[in-house]
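If you read the sequences in order, they're chains A and B. Remember, our numbering sits 3 above the position in the first sequence when you count from 1. Remember, our numbering sits 3 above the position in the second sequence when you count from 1.
Hints in this document: simulated from the structure, not taken from any laboratory. One or more hints might be untrue.
[Said to hold, decoys possible] Result set (BS3-like, lysine-lysine): computed pairs, CA atoms no more than 30 Å apart in a straight line:
1) B:K106 - A:K180
2) B:K127 - B:K53
3) B:K180 - A:K106
4) A:K178 - B:K346
Number of protein chains: 2
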Amino acid sequence: MQTISDTIKVEKVKTSKIDKVDFNNLAFGKVLADHMMVCDYKNGAWETPKIVPYQPITLDPSAKIFHYGQSVFEGMKAYKDADNKVWLFRPLENQKRINISCKRLAIPEIPEDYFMEGLKALLKVDHKWIPTAEGSSLYIRPFVFASGNGFHASPADEYKFIIACAPSGSYFAGKVKVLIEEKYSRSANGGVGFAKAGGNYAGQFYPTQLAVEKGYNQVIWTDDNTHEYIEEAGAMNIFIRINDTLLTSPTSDRILDGITRKSLIEIAKDENIKVEVRPITVKEVIEASKNGSLKEMFGAGTAAVISPISTFGHKDQDYDLPELENSYASILKKRITDIQYNKAEDKFGWRYQVSI
Amino acid sequence: MQTISDTIKVEKVKTSKIDKVDFNNLAFGKVLADHMMVCDYKNGAWETPKIVPYQPITLDPSAKIFHYGQSVFEGMKAYKDADNKVWLFRPLENQKRINISCKRLAIPEIPEDYFMEGLKALLKVDHKWIPTAEGSSLYIRPFVFASGNGFHASPADEYKFIIACAPSGSYFAGKVKVLIEEKYSRSANGGVGFAKAGGNYAGQFYPTQLAVEKGYNQVIWTDDNTHEYIEEAGAMNIFIRINDTLLTSPTSDRILDGITRKSLIEIAKDENIKVEVRPITVKEVIEASKNGSLKEMFGAGTAAVISPISTFGHKDQDYDLPELENSYASILKKRITDIQYNKAEDKFGWRYQVSI
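In isolation and in its complexed conformation, chain A is listed as follows (with noise of 0.2 Å):
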């Protein structure tokens, strides 16, 4: 029988454009590989994936995406091991997110061999650029956004789905600063939030600026109806350890459903660790910041992998945290990236080799 991924036509680069790249100087999500997977929504069916070479896209402006934020993505990366073997980490949950994502935004869902050969095709052709200096990988970046064209505030009848890669160093540099914020919100309550919709990320970048002016790295959203309880830092889930438990809010249709934030919840729990999925309140951060009980809070996702904050702001008033050996982001970050790089046993079957 034949499957799709005989059917996925390659169109490779004249030149390849890698011998021009800095691989020890990698900003995140500036360089881009030679080439992209473009699968487009026409006629009500998408359409046989295919490899191109990396080149602008041209649209009508009135193609919804412009107006109506109709687009969702992906994050992902994909590493080398010292044999140059190449692994993706539970790249089923990314294929199944972004359905997840793409019913909440009205967009047709994508067939699940669609997601994944495509992406092995690609990587197939572009598997070179994948960084082999400590931290860095290739970092994927699957998105679909609503092509179709007019005015009509309604969901698109055609939509793209691509996957372009960008070969990256750290997305932090060092520990954070980060502020808990009681005026502005993220999601709400039968809203977008769990989505990994466009729309959720451009409503941060303001908020996140006044932060940065008061010399913050990030902000961590409360809900918005209180401003009591913690729940994500729009780019990361929150792992706050108060004594040696370890805590996380539970995912809702407010907080996204993290890969890396379940992964570290699992691994948590395989290093004997006590791990507490439940509301957090932004009472008990700050009194256990005053008496002591605060040992370390971090971020967690993709991007950034494991982000340790080094202080948290509330209401006028930073809490610093303590400077930690063995902290938990440290044992943590190391047993998910030696599972990702294929450097240790992956006794969670989350490791997925690709043949190049």
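Place chain B on chain A using the hints.
Same frame as chain A, now just chain B:
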């Protein structure tokens, strides 16, 4: 002194496509006029607007509009009167609001005269596209989006501000049946609901599809915390008449400050209609329907002007509105459209003539 209008370059189409358009069968926002205004933000500043033939836009696949929904828009109309004079309706309100939206979405604000002078220059070349049939107008769509590149979830360094025009008939045909939402939400406290942000619209598509499957045309959004308060209809603000009092919800950070909404409030007061701007509960509307004091419900917005609601649904029950002679909806619609089309005195000073 040279003004911005002297420096706007105009590149006209070689051949107009106006003769191919059936002005008697116009859908909403499907046919685009010959030209568009384009204004680019680069190197930290908005460049001089220019008028060019309506044409496709070419962007890098990493342009932030595709990933982070960083976009805002406005909706306006140009009207032609019996003497072929061209009018706008309160355009300075749109100019002000687009910058309120820009600020919340971390988009650099547009210089005031760029908006109005760019729009006037565009109407000068495309005024023949303003339809004259009853209820028709030239729908004007100013929009701004992030055209700068990079996968980092932060504001773009380049933007495009475009104005495009579409000769259009009515937005809704006939009376609408609405569903009062009790699960999904449009906006959060401290969110971007008050802004005309692209992402606000995409988030409504799926719940609206579910409502359409149940036989409704539109969703009436309620507050995300309790779903007990009426907010807006997403593309329209909502007015409710109980006995002889006209109610509408106060604007907030969740509800758009609609220009049609605030104009209707002033016209209603001028008609000696009692207007109350206050939170409206779903409960009081249902009770009013049951005891016969609920007389009218209608949506108000630029695209639809006034859309009378024939039925609202809530928790699997439908409530019909009575058919009224001399409804407030019909009185107010006549008053506002007579001002817009220069058929009546404009005691409020809302009409704005554009010389062509």
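Structure-based check of all given hints:
no. : hint            : result
1   : B:K106 - A:K180 : 24 Å, holds
2   : B:K127 - B:K53  : 13 Å, holds
3   : B:K180 - A:K106 : 24 Å, holds
4   : A:K178 - B:K346 : 65 Å, violated
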